[in-house]
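Chain C is fixed; fit chain U onto it per the hints.
So the sequences go chain by chain: C and U.
Each position in the first sequence, counted from 1, maps to that position plus 5 in our numbering.
Each position in the second sequence, counted from 1, maps to that position plus 546 in our numbering.
Derived from the structure by calculation, the hints contain no laboratory data.
Note that this is a predicted model, so its numbers are computed, not measured.
Even for Gly, the Cβ is constructed at its ideal location relative to N, Cα and C.
Errors might be hidden in some of the hints.
Unchecked claim - Listed next, with one range per pair, are the computed distances between beta-carbon atoms:
1) U:656 to C:189: 15 to 23 Å
2) U:653 to C:151: 44 to 52 Å
3) C:65 to U:661: 26 to 34 Å
4) C:114 to U:619: 20 to 28 Å
5) C:40 to U:600: 54 to 62 Å
6) U:668 to C:162: 19 to 27 Å
7) C:112 to U:606: 49 to 57 Å
8) C:198 to U:669: 25 to 33 Å
9) U:678 to C:44: 52 to 60 Å
10) C:147 to U:605: 41 to 49 Å
11) U:651 to C:44: 55 to 63 Å
12) C:148 to U:618: 17 to 25 Å
13) C:26 to U:617: 56 to 64 Å
What the hints assert, rightly or not - Okay, the calculated bits of chain U under chain C, using three or more residues with CB under 8 Å as the criterion:
14) 616-625
15) 631-642
16) 656-663
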Amino acid sequence: MMSLDKFTPAWVKRIGFATVAGLFIAGIVFWGGFNWALEATNKESFCIGCHEMEENVFREYQNTIHYTNRTGVRATCPDCHVPKEWGPKMIRKIQASNEVLHKILGTIDTPEKFNIKRPQLAQNEWKRMKANDSQECRNCHRYDYMDYTEQGNRAARMHPVAFTEGKTCIDCHKGIAHQLPAIDQHIGKQNDGAVAISHGEKPVEAAKEEAKPEAKAESK
Amino acid sequence: MRFIPALALAAAVLLSGVGSVGAQEKLVNEIGNVTIEGNSKIDMFRPEKDQDTIPRNFQKQPPLIPHSIKGYNITQNFNKCMDCHSKERAEETGATKVAKSHYLDREDKKGSNISPRRYFCMQCHVPQFDAKPLVANTYKPAAKKGE
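One chain only, chain C, in its complex shape (with noise of 0.2 Å):
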């Protein structure tokens, strides 16, 4: 006991064994509680819980490859829309409490309102993909190991030329899991002043001043 009692810090013997190896385990019941409660949050089955979800945004995925394929691999809601690592899913889960305030308000209760808010809710994830060059789904597509002898004719010929680019998967893959708000297509009138979706093009500013020393040129 001697030799113990001489290893053992100040700040133990003040408060006791006891109470160090309590706190332990409280620390470890806390912790394994709260990563539970995290994990309990990251299911499938509590984002449909809300029927906001289930009624809108799970149905239509519902359609998708991500949903049902070949081999019966799956991405469910969290593989796309809560970053694995610890820091950037905090910051998501803190961001959520957000949504639950809106489901208490009912703000996107019926899908019709879920479809006048669709394009706000769609770009603000293009958005979160775009800056995080597309995190989740490379979590599972890799540019490195994709074999283009085994894609199709269109994907083998523009991943390469995008990749080069620097485009990163959301610029081209929109609206794959879930169906798009009405997009400017300049195709017709319907769509006129709609949504405008980029497929990683520079930002149109850039794109202006570019273009201006050629627009001089013809003027000449």
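Below, chain U without anything else, positioned relative to chain C:
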């Protein structure tokens, strides 16, 4: 023993179903070799994969789609085909540009954009498939101009 009433009910439902089908005339499709009820195999279609373009069969035939269109939707919000085939996007994507005829309305007046009657691409353009003629025929396309 408790299961027997349920089983009897199930059997009755099954038999009545079979009876009603048997009472109907056997419906056969136009070619005469597949019953209407037997069409389910044909209904189990799979999207065609990307492939080389098959030449057109006749002049002015709407070109066939030489690629997979799995999951491609045309809705009021978004026309997936036009994401590549519109005149703005065709150059970058290497897709065939939508033809000029698609800008004409039914009075043959040229609009500034594709005519609403051309919006649903797959009314005319379908995925290509090496389908054998259903019945023997002697169809030949009309000769091209100058031939």
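Cross-check of the supplied hints:
| no. | hint | result |
| --- | --- | --- |
| 1 | U:656 to C:189: 15 to 23 Å | 21 Å, holds |
| 2 | U:653 to C:151: 44 to 52 Å | 49 Å, holds |
| 3 | C:65 to U:661: 26 to 34 Å | 29 Å, holds |
| 4 | C:114 to U:619: 20 to 28 Å | 25 Å, holds |
| 5 | C:40 to U:600: 54 to 62 Å | 57 Å, holds |
| 6 | U:668 to C:162: 19 to 27 Å | 23 Å, holds |
| 7 | C:112 to U:606: 49 to 57 Å | 51 Å, holds |
| 8 | C:198 to U:669: 25 to 33 Å | 27 Å, holds |
| 9 | U:678 to C:44: 52 to 60 Å | 55 Å, holds |
| 10 | C:147 to U:605: 41 to 49 Å | 47 Å, holds |
| 11 | U:651 to C:44: 55 to 63 Å | 57 Å, holds |
| 12 | C:148 to U:618: 17 to 25 Å | 24 Å, holds |
| 13 | C:26 to U:617: 56 to 64 Å | 57 Å, holds |
| 14 | 616-625 | holds (count 8) |
| 15 | 631-642 | holds (count 6) |
| 16 | 656-663 | holds (count 3) |
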